[in-house]
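> Construct all of the structure, not just a fragment, from the sequences and the given hints.
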Amino acid sequence: MENLQKILSEIIADFIPDFISIEDISRLSGGSSNESWKITLNTRENKKKIVFRRTPGGNLKDEESNNFVDITDEAKVMNIANDYNVPVPKIIKVINNNNIGKGFFMDFIEGETLGNRIVNSDKFKIIRPRLAKKCGEIIANIHKIPISKFDNIKTSEAEDELLKYEEVYRTHNQDIPVFEYTISWLKDNIPKKITKKLIHGDFRNGNLIISNDNLIPGVLDWELFHLGDPYEDLSWICVNSWRFNKIELPVGGFGEREDMYISYEKVLGKKLDRERLKFWEVLGTLKWGIMCLNMIEIYRSGYDKSIDRASIGRRSSETEIDLIRKLIMS
Amino acid sequence: MRSEPTRKELLISIRSFLEDLNLEVFPNAKKHIDTLKNINETDDSKINEIVQFINDDLISNLTGHNRFYAFVARNSLQIIQREINLINGYEEKEIIRLEKLLNEKGDIKDLNKILCKRITDKELDRDDNELKDHLIRTTMAKLSIDQPNYSGYLKAINDGYSQD
Numbered sequence: 026m027e028n029l030q031k032i033l034s035e036i037i038a039d040f041i042p043d044f045i046s047i048e049d050i051s052r053l054s055g056g057s058s059n060e061s062w063k064i065t066l067n068t069r070e071n072k073k074k075i076v077f078r079r080t081p082g083g084n085l086k087d088e089e090s091n092n093f094v095d096i097t098d099e100a101k102v103m104n105i106a107n108d109y110n111v112p113v114p115k116i117i118k119v120i121n122n123n124n125i126g127k128g129f130f131m132d133f134i135e136g137e138t139l140g141n142r143i144v145n146s147d148k149f150k151i152i153r154p155r156l157a158k159k160c161g162e163i164i165a166n167i168h169k170i171p172i173s174k175f176d177n178i179k180t181s182e183a184e185d186e187l188l189k190y191e192e193v194y195r196t197h198n199q200d201i202p203v204f205e206y207t208i209s210w211l212k213d214n215i216p217k218k219i220t221k222k223l224i225h226g227d228f229r230n231g232n233l234i235i236s237n238d239n240l241i242p243g244v245l246d247w248e249l250f251h252l253g254d255p256y257e258d259l260s261w262i263c264v265n266s267w268r269f270n271k272i273e274l275p276v277g278g279f280g281e282r283e284d285m286y287i288s289y290e291k292v293l294g295k296k297l298d299r300e301r302l303k304f305w306e307v308l309g310t311l312k313w314g315i316m317c318l319n320m321i322e323i324y325r326s327g328y329d330k331s332i333d334r335a336s337i338g339r340r341s342s343e344t345e346i347d348l349i350r351k352l353i354m355s
Numbered sequence: 003m004r005s006e007p008t009r010k011e012l013l014i015s016i017r018s019f020l021e022d023l024n025l026e027v028f029p030n031a032k033k034h035i036d037t038l039k040n041i042n043e044t045d046d047s048k049i050n051e052i053v054q055f056i057n058d059d060l061i062s063n064l065t066g067h068n069r070f071y072a073f074v075a076r077n078s079l080q081i082i083q084r085e086i087n088l089i090n091g092y093e094e095k096e097i098i099r100l101e102k103l104l105n106e107k108g109d110i111k112d113l114n115k116i117l118c119k120r121i122t123d124k125e126l127d128r129d130d131n132e133l134k135d136h137l138i139r140t141t142m143a144k145l146s147i148d149q150p151n152y153s154g155y156l157k158a159i160n161d162g163y164s165q166d
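Chains V and W supply the protein sequences, listed in that same order. Position in the first sequence (first residue = 1) + 25 = my numbering. Position in the second sequence (first residue = 1) + 2 = my numbering.
Because the hints were derived from the structure by calculation, they are not lab data. Given the structure is predicted, the values throughout are model-derived calculations rather than measurements. Glycine residues also receive a C-beta, built at the ideal position from the N, C-alpha and C atoms. Errors might be hidden in some of the hints.
[Stated by the list, open to error] Label-pair ranges, simulated between beta-carbon atoms: (1) V:Gly-294 / W:Gly-91: 56 to 64 Å; (2) W:Lys-111 / V:Asp-185: 51 to 59 Å; (3) V:Arg-299 / W:Gly-162: 25 to 33 Å; (4) W:Lys-115 / V:Thr-220: 35 to 43 Å; (5) W:Val-53 / V:Lys-115: 39 to 47 Å; (6) W:Phe-73 / V:Asn-239: 29 to 37 Å.
What follows is the structure, given as structure tokens:
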């Protein structure tokens, strides 16, 4: 940690001219892929908070998964989103440093990101019912970004996403009957292709900064962005794993589906197909289940030996009961 | 239905977490690190001692990310405890259901492999009531070990479903 602080001081001094010292550095909770660190700085004028985001342990080579974009591309898409009225922290500096790895510095936005607190705390009691509508607006604004803004961006639509995750599941060599049942259902229900949009890819409670002053001042964790089916973003936030035990409130455990859909429709001026959303919510649930299996392999590989990487594998079962509820019990 | 990571892997991850603590601040951790080096993964009472240590020494004193890890460690130990007590009974029932559904004999691993193949090949219809009943019961059993407080599981119980 001391070493990290020392190296960071040298790097920060290069792009914050009145920088004096780092007063405090702490790892931010959440985000099981890339690491985020909150840094409090002393400058000649005042104290300033910024965030440093990097690949786990500062590994220069991103071995984790080819699903994730390069962390410097994550910074690029955030810059573009910022230009199109999507609330994101402003990128301050992108780095690729042999000592601490590849990553970027961004503004620190005050607010809450812990899903559990967002759905439970009295502090957010008044604003919670307004968040689903806001999510609809933000997702619509992401989907309004012209795709011509991006070079070499990956495309992944319904069938691509399904086949990609099926392939990952097969590599684990685990026979999980509920996953087979779901894959079979999904293959028989692939929606027809529609106009592709920029997809955040991980738009959910836990990646949103929530604040009483301006509801959602920041959308984080853009590492899964791609071109694809706009229904993906609208469904992922409804996957039960992101409701933090508030199962009765489908949008992130804080809001109603229709509030989100209607505000999305209002911004984009077209009606959503409610049936299409079920496919994506089932696929989203399966994806999270398979991602949990991936975490076990990442732990086994030694790439990240943290205790939460290991234990998250046991959350794969949560998605099995959600899939059963959606496909068999309903 | 046995989930991964295995009990052994979970115990190793807990040991690594304890080894990373500042042992001058938490001297009692040393004893539990030693226990974890040679632990029998079905030793409920030893696992209980580590849960107590995490509750009494770690959760009340740690802050930030390490406190989060302490909660994760406790949760993993509790999964292990539930698995030790429940898995054998569940798997016996699962094998009986699988043998009937598939009309095959074998161990639980082989039977599940056959089940998966028959679902994929549509030799078993997705609307088959016996298949659906089997999936519900097996999944409910799995959740009662892995995540018994999970909302989807509690909702299913509330809707009248069970593993029995």
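> Each of the hints needs a verdict: does it hold here or not?
Hint check results:
no., hint, verdict
1, V:Gly-294 / W:Gly-91: 56 to 64 Å, "holds (57 Å)"
2, W:Lys-111 / V:Asp-185: 51 to 59 Å, "violated (31 Å)"
3, V:Arg-299 / W:Gly-162: 25 to 33 Å, "holds (27 Å)"
4, W:Lys-115 / V:Thr-220: 35 to 43 Å, "holds (41 Å)"
5, W:Val-53 / V:Lys-115: 39 to 47 Å, "holds (44 Å)"
6, W:Phe-73 / V:Asn-239: 29 to 37 Å, "holds (31 Å)"
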